[in-house]
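The hints should help you fit chain Z onto chain D, whose structure is shown.
Number of protein chains: 2
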Amino acid sequence: MPAVDKLLLEEALQDSPQTRSLLSVFEEDAGTLTEYTNQLLQAMQRVYGAQNEMCLATQQLSNQLLAYEKQNFALGKGDEEVISTLQHFAKVVDELNALHTELTRQLADKMVLPIIQFREKDLTEISTLKDLFVLSSNEHDIAMAKYSRLPKKRENERLKAGVVAEVADSRRKQHLSSLQYYCSLNALQYRKRVAVIEPMLGYTEAQVNIFKKGMETFSKRMEDFLSSVSNMIQSIQRQLDEETEAMRLSQQELLSGNDSVYFPDYDVASPQINRNLIQKAGYLNIRNKTGLVTTSWDRHYFFTQGGNLMCQPRGAVAGGLILDLDNCSVMAVDCEDRRYCFQITSPTGKSVIILQAESKKEYEEWICAINNISRQIYLTDNPEAVAIRLNQTAMQAVTPVTSFEKKHDSLRPDSNRTKNADLVHTENITQRSLNAPDDVALIEPGTPIQFDIVLPATEFLDQNRAGGGRYNTHSLNASNTTVL
Amino acid sequence: MPAVDKLLLEEALQDSPQTRSLLSVFEEDAGTLTEYTNQLLQAMQRVYGAQNEMCLATQQLSNQLLAYEKQNFALGKGDEEVISTLQHFAKVVDELNALHTELTRQLADKMVLPIIQFREKDLTEISTLKDLFVLSSNEHDIAMAKYSRLPKKRENERLKAGVVAEVADSRRKQHLSSLQYYCSLNALQYRKRVAVIEPMLGYTEAQVNIFKKGMETFSKRMEDFLSSVSNMIQSIQRQLDEETEAMRLSQQELLSGNDSVYFPDYDVASPQINRNLIQKAGYLNIRNKTGLVTTSWDRHYFFTQGGNLMCQPRGAVAGGLILDLDNCSVMAVDCEDRRYCFQITSPTGKSVIILQAESKKEYEEWICAINNISRQIYLTDNPEAVAIRLNQTAMQAVTPVTSFEKKHDSLRPDSNRTKNADLVHTENITQRSLNAPDDVALIEPGTPIQFDIVLPATEFLDQNRAGGGRYNTHSLNASNTTVL
Chain D
7 MPAVDKLLLE EALQDSPQTR SLLSVFEEDA GTLTEYTNQL LQAMQRVYGA
57 QNEMCLATQQ LSNQLLAYEK QNFALGKGDE EVISTLQHFA KVVDELNALH
107 TELTRQLADK MVLPIIQFRE KDLTEISTLK DLFVLSSNEH DIAMAKYSRL
157 PKKRENERLK AGVVAEVADS RRKQHLSSLQ YYCSLNALQY RKRVAVIEPM
207 LGYTEAQVNI FKKGMETFSK RMEDFLSSVS NMIQSIQRQL DEETEAMRLS
257 QQELLSGNDS VYFPDYDVAS PQINRNLIQK AGYLNIRNKT GLVTTSWDRH
307 YFFTQGGNLM CQPRGAVAGG LILDLDNCSV MAVDCEDRRY CFQITSPTGK
357 SVIILQAESK KEYEEWICAI NNISRQIYLT DNPEAVAIRL NQTAMQAVTP
407 VTSFEKKHDS LRPDSNRTKN ADLVHTENIT QRSLNAPDDV ALIEPGTPIQ
457 FDIVLPATEF LDQNRAGGGR YNTHSLNASN TTVL
Chain Z
7 MPAVDKLLLE EALQDSPQTR SLLSVFEEDA GTLTEYTNQL LQAMQRVYGA
57 QNEMCLATQQ LSNQLLAYEK QNFALGKGDE EVISTLQHFA KVVDELNALH
107 TELTRQLADK MVLPIIQFRE KDLTEISTLK DLFVLSSNEH DIAMAKYSRL
157 PKKRENERLK AGVVAEVADS RRKQHLSSLQ YYCSLNALQY RKRVAVIEPM
207 LGYTEAQVNI FKKGMETFSK RMEDFLSSVS NMIQSIQRQL DEETEAMRLS
257 QQELLSGNDS VYFPDYDVAS PQINRNLIQK AGYLNIRNKT GLVTTSWDRH
307 YFFTQGGNLM CQPRGAVAGG LILDLDNCSV MAVDCEDRRY CFQITSPTGK
357 SVIILQAESK KEYEEWICAI NNISRQIYLT DNPEAVAIRL NQTAMQAVTP
407 VTSFEKKHDS LRPDSNRTKN ADLVHTENIT QRSLNAPDDV ALIEPGTPIQ
457 FDIVLPATEF LDQNRAGGGR YNTHSLNASN TTVL
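Chain order of the listed sequences is D and Z.
Take 7 as the starting number for the first sequence in my numbering and just add one per residue.
Take 7 as the starting number for the second sequence in my numbering and just add one per residue.
Everything labelled a hint here was simulated from the structure, so no lab data went into it.
Keep in mind it's a predicted model, so treat the numbers as computed, not measured.
Errors might be hidden in some of the hints.
The list treats identical chains as interchangeable, and a pair is accepted whether it falls inside one copy or across any two copies.
Unchecked claim - Here are the simulated lysine to aspartate or glutamate pairs, EDC-like style, with alpha carbons at most 16 Å apart:
| no. | residue 1 | residue 2 |
| --- | --- | --- |
| 1 | 136 | 21 |
| 2 | 12 | 249 |
| 3 | 166 | 21 |
| 4 | 179 | 17 |
Just chain D, with the same shape it has in the complex (with noise of 0.2 Å):
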């Protein structure tokens, strides 16, 4: 092939088969060119797409990075910390972001919009100026056509003159239309050449860019910042180790023990029983009326609070009164056969609870602790070291009974209170009496306890049933209820 490299204006008017064929070869090459236009179009915009799409994930990810904050955690050890560290990174992805976004713009406008413009402008104008050739083209040899069948002798002037003007218009036409294409096709020739080089220019010249901005954003105090965020994880992997090494002992420890403390009623023959107790808590099995005759026995959480014996089901949130435990009487029971029942029946008799124990030694300790709260004793200012006194007092004043289970069923509070005492002998108490003389002595045996401000049970009940808040749920320790 011939290197020729435009067409030629001068042709344009004789537009012989020689100048078409040359002709063709440009619209070839024009073809090719709009196909690889079209092909290299496609790849910038997927770069320019993903980019694009890499703002987006930059900008969800620092929203998703600051909603942290506001997740609402029950838990929020750390979290301050957290918190400020992951605003930090939101504001460094916020100027990632920044950087990405420069590179979309600078994308978009210095890549994908020049060689669409191309596309647009140039490719589309070869085109249009293709299709008014073809036509003028078309209509020029319909007019010759006619021109050519025009009588040799019988002429017709007007006829004939029309059918010149024809020739002449359409061929004026098609000359015009000829250069405008020929011009435009050889202007592509140069403009092909610039087309696919500029975007790419634009392209590395975005890139490169944002490089050196993103080395300006980031370089010194960037350091600085990692490396604080690196020591805070290595530290809290430090914390985590030592926690998860300090769980480990206190796991082994807890397990190591005796395995005694998984059967319900290991020390039934010789149970250590605490007497002097003025608070307790634990499961017990709670015995309801669901009909007329039938019952269901509850395995539930019960604790004293003060006067007060509360019950928390499992899944409570807080425990629920369940009775005023002043002035009550407390027994034991035989009910269904069942094992470690008791009885708690209030002042005026009209209330009556059955509950069970799961060990003989809840069993009498539940007992103690309700026949000693129902004496009031928990409102003097060392509820522990009067219980002491007052079941030493009463160990000392009754004969002892050898065994309690044999003559349980026929127990009466009081004579409770005086019979079991010769049981009172753990070192727990022992101990504890040791601590507090000074406010035993105070109160002398065997006298009934006067206190300067008393609420009327009634009104210490509603208070209890008005203000559940009070409670602090999540501790065992209920006797902070101070009065006076």
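Quick look at chain Z alone, frame taken from chain D:
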């Protein structure tokens, strides 16, 4: 809510509602964390996805740039420069792709993987432990219910021991699963802080690292390349501007001429006819027999090539041989009442073609040219000079005929050659005859022309038919075919 930071392993065995309540706080926290982690993972995977897509996009772009070379563009002007520039850009994009690939890999390893591991390992572990805990807790409840129903007196020792062992077993299980669950939940409070921060550290480090590498890779070297590309684009743009201006002027000039060029027979009154042509080209209508009695006229481009008359329809790539003009006779004919018709007859009289010119000037020039060619003067060293001499001689030898048109029906080739000689008066011819007086002098007027080497007509035709490629289809000047 009180500031709690861990579940106490010591409280696992007791399993009070308070502990459960605290547990539920940890569980809620873990639930919120799981949800947040999933959202954060989604955001991070989106960033990773965008980065990965950028890899694929740059890969495609690089391939597309290299594909330019394989496009088989019909025109290659400036291609080497474009190709080498695009290859350079492809290398740049490859380097960018390498950076993007490294960043993608780092994001996968340091951002997405840790948070996926956290979700799959830690959060899934918690969820599994919770299931185990609930399971063992239920088992324990069932065992306890059975245990609580153990009869008081009529004790079957074996049954009792079995139930107690069941309680102990389930209680041990629950204790163990609680301990593990508590430990995991406690550890989660540390992991939680690391889990969200560590991936962000990885992300930021990877991103800063890429900025650094990008700068190192592209800073200086790139600037030189980009400025040279920029210069190249400007230079092409300047060339285009110059070319555009040249085309504009050329177009202006072409269009500023007389409108008469568009009128097919504008000079019919006094056409300036060159009778000394030894070659001619242009559109003619040719008469075709389409059936026994029907005919059609097709407008094709005809040109002489040596002693041959060639025809090239507009869409054809090359011309085809119509007739060997050597010793042919040409004469005006009346055909279908069309104007400007003439007929060429082969020496044997077997081939006859009828053609129609679009104007009087064309008509006469075609007849003259074919007449000249039929006398084989195109084989002489200076055929144009010979033609002039022959026509001048003829003009001097015969009586002028005032109107060629009136008599053209009865013209014989021989008489035609002499009778229309008086019309040779164009400036063009005069000039040409002055330029080549010496060559012309070698041939005596009227004498037969002798050639050193002459191909027989049949051989010449065969050669032409077989070797169509010999003809330069893009040039109107077909006189390059040299003999001797």
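Between copies, within a copy, both or neither: which fits residue 136 and residue 21 at Cα up to 16 Å? Classified as within; 14 Å inside a copy, 88 Å across copies.
Checking residue 166 and residue 21: alpha-carbon separation at most 16 Å within a copy, between copies, both or neither? neither (24 Å within a copy, 116 Å between copies)
Check residue 12 against residue 249 for me: Cα-Cα at most 16 Å, and say if that holds within a copy, between copies, both or neither. between (82 Å within a copy, 10 Å between copies)
Please work out whether the CA atoms of residue 179 and residue 17 approach to 16 Å or closer within one copy, between two copies, in both situations, or in neither? For residue 179 and residue 17, only the intra-copy Cα distance (15 Å) is at most 16 Å; the inter-copy one is 100 Å.
The structure shown violates just one earlier hint, number 3.
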